[in-house]
Amino acid sequence: MTTTAPSTDDLRTEVRAWLAQNWTALPPSDDPWVSSPEEIAWREKVLDAGYAVPTYPADWFGRAYPSKLAAVIHQEFRAAKAAGACQDKHNIPANTLFTFGSDQLKNELLRDFLTGAARACLLYSEPGAGSDLAGVSTTAVRDRDHWVVNGQKVWTSGAATSEYGLLIARTDWDTPKHKGMSYFVIPMRQPGIEVRPLVQITGEAHFNEVFICDATVPHANLIGGEGNGWRVLQTALAYERSVMGDGGRGSRNKSKADSLVELAREHGRLDDDALREKLANVLALRELNRLNNLRAKASTSQGTSSSIMSLGKLAMSRILHSEAALKTEIIGTESLFAGPDNPEADDVNFLSLNAFFTSIGGGTDQIQRTIIGERVLGLAKEPETDRDIPFRKARHS
Amino acid sequence: MTMSAADRAELAAAVKDLLHEHCTEADVRRVMETDDGFDRDLWQELVAQGLPGLIVDPEYGGVGLGAQELEAVAEVTGAALLPAPFLSSAVFATALIQATGSDADKARLLPGLAEGSSIATVAATGPRGTWSPDGVAVHAIHHDAEYRLTGNAHYVPYGQIADVIIAIAKTVEGIALFEIAPAAPGFERTTATVFDPTVRLSTYTFSQTPARRIGTGGWAAVEHALSLTVIALAGEQVGGARRLFDITVEYLKTRFQFGRPIGSFQAIKHMAADLLLEVESATSAAQHAAAQFDADPTGADGAVALAGFACAEAYHSTTMQSIQMHGGIGFTWEHPAHLFLRRARTGRQLFGSSRDHRERYLASKGA
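Residue numbers (numbering that gives the first Met the number 0), protein chains in the order written: chain C, 0 to 396; chain S, 0 to 366.
Worth flagging that the hints you see were computed from the coordinates, not collected in a lab.
Mixed in with the good hints there might be a few duds.
To be verified - Cross-link-like lysine-lysine pairs, in silico, BS3-like; alpha carbons within 25 angstroms at most: (1) C:K44 with C:K80; (2) S:K105 with S:K169; (3) C:K178 with C:K380; (4) S:K105 with C:K277; (5) C:K44 with C:K178; (6) S:K252 with C:K380.
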C-alpha cells in the first residue's frame with residue numbers, strides 16, 4: 000500500500016470511529032500467557048483493520064506508517080483501554096520474526112503471533128548463562144532438514160502455555176562464543192521438551208525451567224542465519240527492555256502498607272527522628288524517579304531521555320529495596336509473622352523479597368551499571384578473556 | 000514572566016559564554032584569595048548580562064524573569080563556582096524587597112541592585128542557623144518614629160561588602176523586615192573565617208541600631224524569598240554536580256593504570272553509573288521546583304523542599320565520590336574537586352539544612 004498517509008487528525012477521527020463501532024471490553028484474564036477466544040477474535044479484528052502493526056508494510060498486515068502516525072493509533076487505543084494495537088512496539092516474538100524470519104515462516108506464524116492464537120516464550124537464560132547470555136551451552140546439531148536440541152533453559156515465562164519458544168542455542172562450539180549461536184523458533188508441544196514450574200523466593204511460580212532432550216526444530220525455523228543468533232538476540236532483547244521499563248509491582252495484598260506515611264503513623268513512628276529522615280529519603284526516591292521519567296518524556300528530542308531511561312531500572316531497584324526495608328523497620332517484630340492472619344507482615348515480607356525481581360531480573364543491577372558506564376558515559380569496556388577463543392576452550396560454570 | 004524552554008536554554012548559554020570568559024577556574028582561585036572574595040569587575044560583567052536584575056520587575060530596572068529562568072542560570076553559575084553574592088543579593092534580598100517592600104522601598108532599592116551599583120544581603124538567622132522564625136536573634140523595638148534593633152545575625156552572606164542591609168527581626172507583633180544604614184550607630188560586622196572561600200559570610204551585631212521598617216510583610220514574605228533562593232541554590236548544586244561529574248568521567252577515560260583506562264574497572268564504572276542517577280535526579284528536582292514555583296508559589300512548598308535536600312545531598316555525594324574516583328590528584332589543592340566539595344558542604348547548611356528541608360517535605364506529605 001503506497002497510498003498517501005492521512006493527516007494525524009483524519010487518522011484520529013478514523014480510529015476513534017472504528018473503536019466506537021467495534022470495541023467492547025473483554026472479560027478479564029487471570030493468566031496473561033493464555034489468550035481467550037474473545038481476545039483472539041478481537042485481535043484478529045484489529046489486525047484486519049490495519050492497527051495491529053501500523054509501521055509494517057501492507058504485505059505484512061501493516062500500513063507502512065511513520066511512527067508519528069502509529070502513535071496516534073496507540074493513543075486512541077489506550078484512551079479506549081483497548082488491546083491489540085501497535086504491537087510493532089512491544090510484541091517480541093512477532094517483531095523478531097518480522098525482522099529476521101523468511102517469508103515462508105512469516106506466512107506460517109506471523110498472523111498467529113499477532114492475534115495471540117499462538118504464543119511464544121523466550122528460551123534464553125540457562126543455569127550457566129544468566130548475566131552472560133552469550134555463554135549459553137544448550138546445543139543444536141543439524142540433522143538433514145532438522146536441528147536436534149539438547150540443554151536446559153530457565154526463567155521462562157509462559158512456557159507451559161506457549162506453542163512456540165524463541166530459542167538461542169549453540170550451533171558451533173569451535174568459534175568464539177558470540178559467533179557460534181543461532182536463533183530458532185521451536186515448537187514447544189513435543190516429547191523432547193519438558194516444562195517445570197520454578198518456585199521463587201516469594202513462594203510464587205511465575206517462571207519455568209525447560210528441559211530439552213533431543214527436541215527437534217525444522218531448519219526453516221532457524222532465523223537470521225546460522226551463527227547469527229547473537230545479533231538476532233540483541234534486537235529481540237532491545238524490544239524486551241523497552242517493554243520491561245516499568246518494573247516492580249505493588250503489594251500482594253491491598254493493605255495500608257501501600258502508604259509509607261500511613262504505615263508509620265499507624266505504628267506511632269512519625270515522631271521518631273531517625274525514622275523521619277529515612278522516610279523523607281525514601282519518599283523522595285520514588286518522587287524523583289517520577290520526575291525523571293516526566294523530564295525524559297518532555298525532552299525525548301533533546302537526547303537526555305535515553306540516559307534517564309537506562310537509569311530507570313537502577314532507580315526502581317533502589318526504590319523497591321529501600322521502601323521494603325523501611326516498611327520492615329516500621330512494623331518491627333511483626334515482620335516475624337506470615338500468612339493470611341498477618342496481612343501487613345505478609346505484605347512487607349513479600350515486598351522485601353520481591354524487590355530482587357527488579358534488581359536481579361533482566362540483568363542484575365551490576366550488569367546494568369556496567370551498561371550505563373559503557374554505553375551512556377562512554378567508559379572503556381572491561382577486558383573479556385573469553386571473547387576471541389573457541390567457546391569449547393572458554394571456562395564456564 | 001517565564002520564557003519558552005528554547006529561550007531559557009539560550010539565556011543559560013549566553014551566561015555560560017560570559018562565565019567561560021570571565022569566571023574560569025583561575026578567576027575563581029584569584030577571587031577566593033582576596034579579602035572580600037568579591038570581584039567588582041566580574042559583577043559588572045554579570046550586570047551587563049542582566050543577572051543581578053534577573054528577577055527584578057522591569058519597572059524597577061530589571062528583566063523580570065521567573066523561577067525557571069533563575070534555576071537555568073543558576074545551573075551555569077554553579078557549574079562555574081561563581082564567587083559572588085548572586086544568591087544572597089540578586090535572589091534572596093531582591094526577592095524579599097520585591098515581596099514585601101512598599102513602592103517607595105522598591106523604587107529606592109531595586110534599581111541600584113539591578114544596575115550593580117549596590118549589593119544587598121539579608122541578616123536572616125541567629126547562631127543556630129535555622130532560617131526559621133524561631134531562629135531569629137534580633138529584636139526590634141519601636142522608638143519614636145523609627146525602630147531600634149538589638150541582637151545578632153550569623154551566616155550573613157557577603158555581609159562585608161553589602162551596602163543594602165536587610166535585617167529580619169522579632170517585634171511584639173511578630174517577624175518584620177528592616178533596613179539598616181551601613182554606617183548606623185551600634186551596627187558592627189565581623190568577617191567569619193569560612194571553609195568555602197567562594198562563599199563569604201559575616202556576623203552582624205546590632206545594639207540599639209536605628210532601623211527603617213521595610214513594607215508590612217512578615218515571615219510569609221521571608222518564606223517566599225527563601226523558596227526562590229533554595230530553587231536557585233538547587234540549580235547551582237545541579238550545575239556544580241554535573242560539571243564535576245563530567246570532569247570525573249573524562250578523567251576515567253584518560254587516566255591509565257594497569258594498562259587500561261581506570262573507567263574500565265567495574266569498581267569505578269559502577270560508582271559513575273550511580274552518580275549519573277544522582278545528577279539526573281537532582282536536575283529533575285530543581286527544574287520541577289522552579290516550574291511549580293512559577294505555576295503557584297504558595298503551593299510549591301513540597302517541591303521546593305524536595306529540591307532543597309535532594310540537590311544538596313546529590314551535590315555532596317557527587318563531590319565526595321568524585322574525589323575518591325580521582326585518587327591522589329583529587330586530594331591536592333591544585334585539583335578543582337575540593338572547591339566543588341567545599342561549595343557542596345556550604346549548600347547543605349546555607350538557607351536551610353537538609354534536615355530542615357526534609358521536615359518541610361514530610362509536612363507537605365502529611366507526615
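Taking the hints in turn, this is what the structure says about them:
| no. | hint | result |
| --- | --- | --- |
| 1 | C:K44 with C:K80 | 16 angstroms, holds |
| 2 | S:K105 with S:K169 | 22 angstroms, holds |
| 3 | C:K178 with C:K380 | 19 angstroms, holds |
| 4 | S:K105 with C:K277 | 43 angstroms, violated |
| 5 | C:K44 with C:K178 | 41 angstroms, violated |
| 6 | S:K252 with C:K380 | 11 angstroms, holds |
Comparing the model with each earlier hint shows violations of hints 4 and 5; every other hint is respected.
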